[in-house]
Amino acid sequence: KAGVTQTPRYLIKTRGQQVTLSCSPISGHRSVSWYQQTPGQGLQFLFEYFSETQRNKGNFPGRFSGRQFSNSRSEMNVSTLELGDSALYLCASSLVAGALYEQYFGPGTRLTVT
Amino acid sequence: LAKTTQPISMDSYEGQEVNITCSHNNIATNDYITWYQQFPSQGPRFIIQGYKTKVTNEVASLFIPADRKSSTLSLPRVSLSDTAVYYCLVGFGNEKLTFGTGTRLTIIP
Numbered sequence: 001k002a003g004v005t006q007t008p009r010y011l012i013k014t015r016g017q018q019v020t021l022s023c024s025p026i027s028g029h030r031s032v033s034w035y036q037q038t039p040g041q042g043l044q045f046l047f048e049y050f051s052e053t054q055r056n057k058g059n060f061p062g063r064f065s066g067r068q069f070s071n072s073r074s075e076m077n078v079s080t081l082e083l084g085d086s087a088l089y090l091c092a093s094s095l096v097a098g099a100l101y102e103q104y105f106g107p108g109t110r111l112t113v114t
Numbered sequence: 115l116a117k118t119t120q121p122i123s124m125d126s127y128e129g130q131e132v133n134i135t136c137s138h139n140n141i142a143t144n145d146y147i148t149w150y151q152q153f154p155s156q157g158p159r160f161i162i163q164g165y166k167t168k169v170t171n172e173v174a175s176l177f178i179p180a181d182r183k184s185s186t187l188s189l190p191r192v193s194l195s196d197t198a199v200y201y202c203l204v205g206f207g208n209e210k211l212t213f214g215t216g217t218r219l220t221i222i223p
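Top line first, the protein sequences correspond to chains A and B.
Using the working numbering, the letters of the first sequence map in sequence onto residues 1 to 114.
Using the working numbering, the letters of the second sequence map in sequence onto residues 115 to 223.
Check each hint, because a few of them may be wrong.
[Stated by the list, open to error] Below 30 angstroms or equal to it, Euclidean Cα-Cα: the simulated DSSO-like pairs (lysine-lysine) are:
hint	chain 1	residue 1	chain 2	residue 2
1	A	K57	B	K210
2	B	K210	B	K168
3	B	K183	A	K57
4	B	K117	B	K168
5	A	K57	B	K117
Read the hints as simulated data drawn from the structure, not as lab findings.
The task is simple: from the sequences and hints, build the whole structure.
Structure representation (structure tokens):
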């Protein structure tokens, strides 16, 4: 069974631009969560989607948004990029939404904002 | 308010058993305890999950005392490939996963 895939793996953007990251969950998984990881803040939860609905949201500004499609694939968008948005963005999928269930993480997208 | 507290780092020699303890004083009745492992530039990987007493799988054991205010991840006979960051999480059901700072484990040859 194929794992979680994220595209692109690496991205360089300029301040003020916007970016869209994509995540394809494991087949059959309906929950997708997004995390931001930086050396200073560690792993921080962005949001979780289940059956195309956002179920949980972390403490991030409105510049960070996401969506989930009917095939469970998910995208996250960051508008008006800031230098502090440089991070590894991780996507995780699970069969069912929630902390109780095993999350399968993708390799991440490394975003660099210059 | 952080839900879990772990040592920031630990060192161990190859072949030894490593125990990483996590404190979760405010654990709720319905919360489960889950451990993840993360290698550099990779996403975290599920290791083990438990509610009480002891859980064992092919890679680790998880010990949870009766009061459930702490838990200990035990890695038997570690090797260099066990060098990673280990995260302890507590939560249940619809809650989002909240990762703490984790424990950076370094295995010394």
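Structure-based check of all given hints:
1. K57/A / K210/B: holds, 8 angstroms
2. K210/B / K168/B: holds, 24 angstroms
3. K183/B / K57/A: It holds: about 27 angstroms lies between the C-alpha atoms, which stays within 30 angstroms.
4. K117/B / K168/B: holds, 21 angstroms
5. K57/A / K117/B: Holds, because 17 angstroms separates the two Cα atoms, which is no more than 30 angstroms.
When each numbered hint is compared with the structure, no violation occurs for any of them.
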